[in-house]
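Asker: Note that the protein sequences, when read in sequence, are chains P and H.
Under our numbering, the first residue of the first sequence carries the number 1, and numbering increases by one thereafter.
Under our numbering, the first residue of the second sequence carries the number 1001, and numbering increases by one thereafter.
Some clues are possibly wrong.
What the hints assert, rightly or not - Over 10 angstroms on every C-beta distance to chain H, these chain P residues come out as not near it, computed from the model:
#1 V36
#2 D109
#3 Q128
#4 Q172
#5 E233
Said to hold, decoys possible - Pair by pair, the computed Cβ-Cβ distance ranges are:
#6 L1314(H) with T219(P): 52 to 62 angstroms
#7 L1069(H) with G229(P): 48 to 58 angstroms
#8 G1304(H) with K147(P): 28 to 38 angstroms
#9 L1069(H) with N4(P): 29 to 39 angstroms
#10 R1100(H) with D75(P): 51 to 61 angstroms
#11 P1316(H) with K163(P): 49 to 59 angstroms
As the list claims (entries may be wrong) - Keeping only pairs whose Cα atoms sit at most 25 angstroms apart, straight-line, the calculated PhoX-like set for lysine-lysine is:
#12 K1028(H) with K150(P)
#13 K147(P) with K1219(H)
#14 K1208(H) with K147(P)
#15 K1368(H) with K113(P)
What the hints contain is simulated information worked out from the structure, not anything from laboratory work.
In this text, a Cβ means the ideal position worked out from N, Cα and C, and glycines have one as well.
Listed here are the chains, written in short residue letters.
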Amino acid sequence: MYWNNVETYPGTGYPKNWMEMGGGFDEAGDLQAGVVPNIEADYGVPWDYNHDQLQFGAQLKPNVEPTWGPNWDEDEGAGDFPNDNYFFYIPRICNHCSNPGCLSACPRDAIFKRDQDGVVLVDLDRCQGYRYCIAGCPYKKIYFNPKISKSEKCILCFPRVEKGLPPAFAQQCVGRIRFVGFLDDEEGQVHKLVHKYKVALPLRSDYGTQPNVYYVPPTEAPPKFDAEGRIIEGSNRVPMEELEQLFGPEVHQAMKTLRAEMKKRKETGKSELMDILIAYKHSDMFRLDQEYYQSIAKKSGISLAPIDNRYIQGKNTPNKFKFKVVEYD
Amino acid sequence: MTKITTALLATSLAASALLADGPILAQKTQRDVTKLTPTSKAWEYVKATTIHLYPQTALTMNDRKANELNAKAKAKEARVKAIHDGKNIAFLLEWLDGTRSIQRGYRSDVYADGFAVQFPVDYRDPTKLPYIGMGSDGRPVVIHLQKAVEKVYEPNGNGDVSMRQNILSKNAFGDDTVEFAQKVGALAVKDYQRSFISEGFRSMTEIKDGSEKFSADMKYGDNVWKGTLVRPLKDSYLNLKGAFPVAFAAWDGAKLNRDGQKLLSGWLAVKMVDENGGEKLVAELTAAAKGDAEHGKELIEQNGCTGCHQISGLSPASYMAPGLDNVGGYSTAAYLRESLVDPSAVVVPGYNRNAHPSAVWYNLDHGKRVSTMPPYPLDDKSLDDMVAYLKTLKSEVK
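In isolation and in its complexed conformation, chain P is listed as follows:
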């Protein structure tokens, strides 16, 4: 099971139909019941091919009968090809929510959100594999590891973050599409995209988990064609309703801002927002500070990496030897 995946939208996603599997909170703030996906039907089991036998004349075939997998419906999208078909990609990782559904659902206190940076982690010593966290996460971004009978999830590469390095998924991205930083760092790109320009929006914020991964919605899709194959001026293939469902009503204003800034850049050559999105330098994209973590470590009198001792096996559990055997008369 993949902590990080890129899925085609519209599509069934990974796990299959994750948006219909419940979890998250209702308007009153109550946790909603959800379902735990099936490893074969919803995640898909990896398969291999009989390459070794091909030289002996065998037909190429998979070693299991595949029924589902990540990117199963890659690039299919929706609409009528070639007139108005469309799709775009959504990269998805754990949202490290401010109000995590997984944390709320855990009866063992095995999930915690770090005060320092909001990273949501599973204490594997406490986890007993009940899987209520999976039912509670509306993004289905916490997974059950059947081999150890415990839940696992994206750790936002917190050992790297503590050293002032961006998570690997962000630093290695050749498209430079990922920015990482503290939301309250007013000089940071993340703050500017989210709060100053309001063009980066959370995915399905209606689930009530206050997700902390933000997306700049897709503005530029090819225009539609009419019956004669001519371009319909001003048309957009991606229906706004689809974008609204994913990113909320704020998507309208975000699109307006993005288009206006693009125009401004074209006409004047200047736009801070476009400069941010073009992402010239890694140092601008990732404003993480090792000093920050070192100061916390120093204050707590603990060594760095990991600074959070809840993650150390057994640290979050009471000393069993405090329970003295009762001596009876």
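Chain P is fixed; fit chain H onto it per the hints.
Answerer: Relative to the frame of chain P, chain H by itself:
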């Protein structure tokens, strides 16, 4: 001759086995009980006690499918046998389960049948036993858990008989068995037998240093699970003497049972034959309710209990506080009384404050859970009556 006499005695006792009002009698034997398995012949000579396991419905978990499957869960009958040899005690729990669910590797939404046996660390005062659900602050419990796993391994999962090997045949295969077990382990099929120490839901801690020497096993046949637990009477956690409390729980994997979605007994008294003491405990745990339940029901309504707690037939559909529908099945009278007089003595955590509908039923004061329920310091008679009513709250036995 002795054996026949014992057998006859056992038969006559078995006829009266359906008396759950007395304690579970742990028979004394000269033989070593540590080797007992669910199918050991010796169990035939031990008296059975019928007990009831109730659905734990205080909290609703957030698994939609499991909640649908368990919506109308009823209590279940189970039989308990106990035998001790002066150093160790063995329990046999038998319960009906029409679906055999086994833990297998590489399944994300499959749950195993299982059972657990719980003991309080301190039971000197039978009116101050730990909260039945994983103990409570300052009142720790030891819990032994066994989930059903396949004991005959077949590594490729295709029912390939030639690949089957009984893991118990160590003598015949020696190192091969170890290697085989490693291969099977890599396929995520291994025994699921754990011990915990706990002072309430959030503190439940697995004992992993090997200091808890217990063994458990499960065997299925004729729609019945038989589970055994064997443990020392005294170790670094427990000291079981005279008479002591025990509680049993069973999970049905087919109903996606795990954690709180289980069937649970209340604290039951075990009296060790040929051992002195524990009369007070036996009396407390086997006593009939002494109040007037009818009047208790009126008091429950008058005091507005159903404004927050769910009691089927009395409460409105939505509720915030722990459900009381089976509270009479798995709670002792002393616990119910304490909860009325001092609601903060045990506060069932609602996990995150958002986890349960509508409102919080407790607040955090310096890390300690404080119930939003006010104390009801009523007169003794009223409390007895309310407790007598609450003791009647339990689902029908299937």
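Asker: Against this structure, judge whether each hint is valid.
Answerer: Structure-based check of each hint:
no., hint, result
1, V36, "4 angstroms, violated"
2, D109, "4 angstroms, violated"
3, Q128, "7 angstroms, violated"
4, Q172, "28 angstroms, holds"
5, E233, "47 angstroms, holds"
6, L1314(H) with T219(P): 52 to 62 angstroms, "57 angstroms, holds"
7, L1069(H) with G229(P): 48 to 58 angstroms, "55 angstroms, holds"
8, G1304(H) with K147(P): 28 to 38 angstroms, "50 angstroms, violated"
9, L1069(H) with N4(P): 29 to 39 angstroms, "33 angstroms, holds"
10, R1100(H) with D75(P): 51 to 61 angstroms, "44 angstroms, violated"
11, P1316(H) with K163(P): 49 to 59 angstroms, "54 angstroms, holds"
12, K1028(H) with K150(P), "40 angstroms, violated"
13, K147(P) with K1219(H), "23 angstroms, holds"
14, K1208(H) with K147(P), "18 angstroms, holds"
15, K1368(H) with K113(P), "20 angstroms, holds"
Of the hints listed earlier, those the structure fails to meet are numbers 1, 2, 3, 8, 10, 12, in rising order.
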